[in-house]
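Peer 1: Residue strings, one per chain:
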Amino acid sequence: MPNPGDLTLSRRHLLIGATSAAVTTAPTLAKAQAPVANAQAATVGAPSISKVSFLVNGKPRDLQLDTRTTLLDALREHLHLPGTKKGCDHGQCGACTVIVGGRRINSCLTLAVMHEGDKITTIEGLGTPENQHPMQSAFVKHDGYQCGYCTPGQVCSAVAVLDEIKAGIPSHVSADLLAPPQVTAVELRERMSGNICRCGAYSNIVDAITEVSGRKA
Amino acid sequence: MKPFTYERAKSPTEAAAVAARTQGAKFIAGGTNLLDLMKLQIETPTHLIDVNGLALDKIEHTPEGGLRIGALVRNTDLAADQRVRRDYGLLARALLAGASGQLRNRATTAGNLLQRTRCPYFYDSNMPCNKRQPGSGCAAIGGFSRQHAVMGVSDACIATHPSDMAVALRTLDAVVETVRPDGSARSIPIAEFYRLPGDTPHLETVVERGELITAVTLPRPLGGIHIYRKVRDRASYAFALVSIGAVVQRDGTGRVALGGVAHKPWRVEAAEAAMPRGAKAVAQGLLAGAKTTHENAFKLPLVERTLAAVLAEAKG
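Respectively, the protein sequence lines represent chains B and Y.
One point on numbering: in the working numbering, the residue at position 33 of the first sequence is 33, and numbering is uninterrupted.
One point on numbering: in the working numbering, the residue at position 113 of the second sequence is 113, and numbering is uninterrupted.
It is worth saying that the hints were derived from the structure and are not from the lab.
Be a bit skeptical, because a hint or two may be false.
Said to hold, decoys possible - Covered stretches of chain Y (chain B as the covering partner; in silico rule of three or more C-beta atoms under 8 Å from a C-beta of chain B):
id	region
1	3-12
2	38-51
3	300-307
Unchecked claim - Some, not all, of what chain B presents toward chain Y, calculated at C-beta under 10 Å:
id	residue
4	Ile105
5	Gly200
6	Ser203
Beta carbons are placed, not taken as given, at the ideal position from N, Cα and C, and that holds for glycine.
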């Protein structure tokens, strides 16, 4: 834990400290409630370490990880790519969305060790402040965010959504299952429903994606 | 999460054998439900067998004119398959009505079938739940039960099965194929795959210890009009209050199954004879013996009205 008197403490470190403090109360609670189910795990007990190698933003990465490490935590805590955000950590908010093998997924609901040989693209791999991805520029232009916390996930998701439409993958709102889906506001809203924005920038996000797709917003 | 050891499966039979002889072992494929539950220590496997490398990700024609869907076919790929879209539109529609784009990219056919209930009391380890901890009681009975089951319930559990895909598979009479730890294969009709809660709500399917799902087979296409109608609290990315999977033929005959009302996809074949007579007659047969709480009694009229909408849509 960092020294509480240290005024150079960053927001990120403060949050990490707060999280670990909260976690210390959890085991007592779990033990009290599920003694039977957890007895085995307690005797087996020790963390298990496993190796995994994958490509992140084009760079080969070799890691030795506790098997419990999610892809999200591997990216943030082990590879120091904090662009990908941890929101709910249960696949409900989409802040952790990254692109694996060309597909967007929730990096919080997958184990890093399950991605041997995979190609992973995070927000850092899409673009940089100096050399932005067109989707990042469009989010800036259309104010597709307010606080910005969900934005990396929104942008990764949006890039993949346009690829999904291009690939002809239908959605819940596609009227005809056999016709190629179009980039419409209704389609984008449905396809982006796995990315929550508590600031409510949704309509601007739809405008940004529409612009990148080449259609008039 | 509790610590666990991890291995990548080499073949379906070997994976089944390892799972059977290893205490606390579980298969992991998409992991979108299992990891969610492991983080909450509702699932506490001590060994994970990763089956993603087993090449069970093909969709093939069967000699009978149907389709054989590999257990690892992702929900996105199944919904996007041209044959599924053309001949089993109900299945594509059900898949697309479920979860989010990110989750469908990862979730598999077998994992979708085996996902656990989203009953909030199952998820809350401070509350009793016979499914999570057998014998501890059911907090949903007498609790917040708006989402809960109205058909086939017991005094031990009123949870619903959350899958949309399973409702479509039940309507289509799919068959679940598995391999057992001794290497033998078996075929389980979807009608016999799920259990009602009874006194053992923690047992949700007839899948045995170590048994691994390898595929789901669809019979020959039924033709007709395919409709999946899902009623939920928001327009996207929410579980069903009530859903209806239906295949309706030109003469008004057909099949129908319900989601969001029971511990399994709910279908009563005998009730389908009434389809040409309209929603009220069918709903009567489907919902005979319903047991509601004051919070979920609305599901009975909601089923009838949604069914009326489905039958009207089928007429065009």
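Peer 1: Three residues or more, CB to CB closer than 8 Å: is that satisfied between the region 38-51 of chain Y and chain B?
Peer 2: Holds, because 6 residues of the region 38-51 of chain Y bring their Cβ atoms closer than 8 Å to Cβ atoms of chain B.
Peer 1: Tell me if the interface restraint on B:Ser203 is satisfied: Cβ within less than 10 Å of some Cβ in chain Y.
Peer 2: Because about 15 Å separates B:Ser203 from the closest Cβ in chain Y, which is outside the 10 Å limit, the hint is violated.
Peer 1: Less than 10 Å between beta-carbons is the criterion; does B:Gly200 satisfy it with respect to chain Y?
Peer 2: violated, 14 Å
Peer 1: Please check whether the region 3-12 of chain Y has three or more residues whose CB lies within less than 8 Å of a CB on chain B.
Peer 2: That given contact holds, which follows from 5 residues of the region 3-12 of chain Y lying within Cβ reach (below 8 Å) of chain B.
Peer 1: The hint names B:Ile105 as touching chain Y; please verify it with the least Cβ-Cβ distance against 10 Å.
Peer 2: It holds, given that the least Cβ distance between B:Ile105 and chain Y is near 5 Å, below 10 Å.
Peer 1: Taking 8 Å as the Cβ threshold, is the statement that the region 300-307 of chain Y is covered by chain B upheld or broken by the three-residue rule?
Peer 2: n = 0 at 8 Å, threshold three: violated.
Checked against the numbered hints above, the structure violates hints 3, 5 and 6; every other hint is satisfied.
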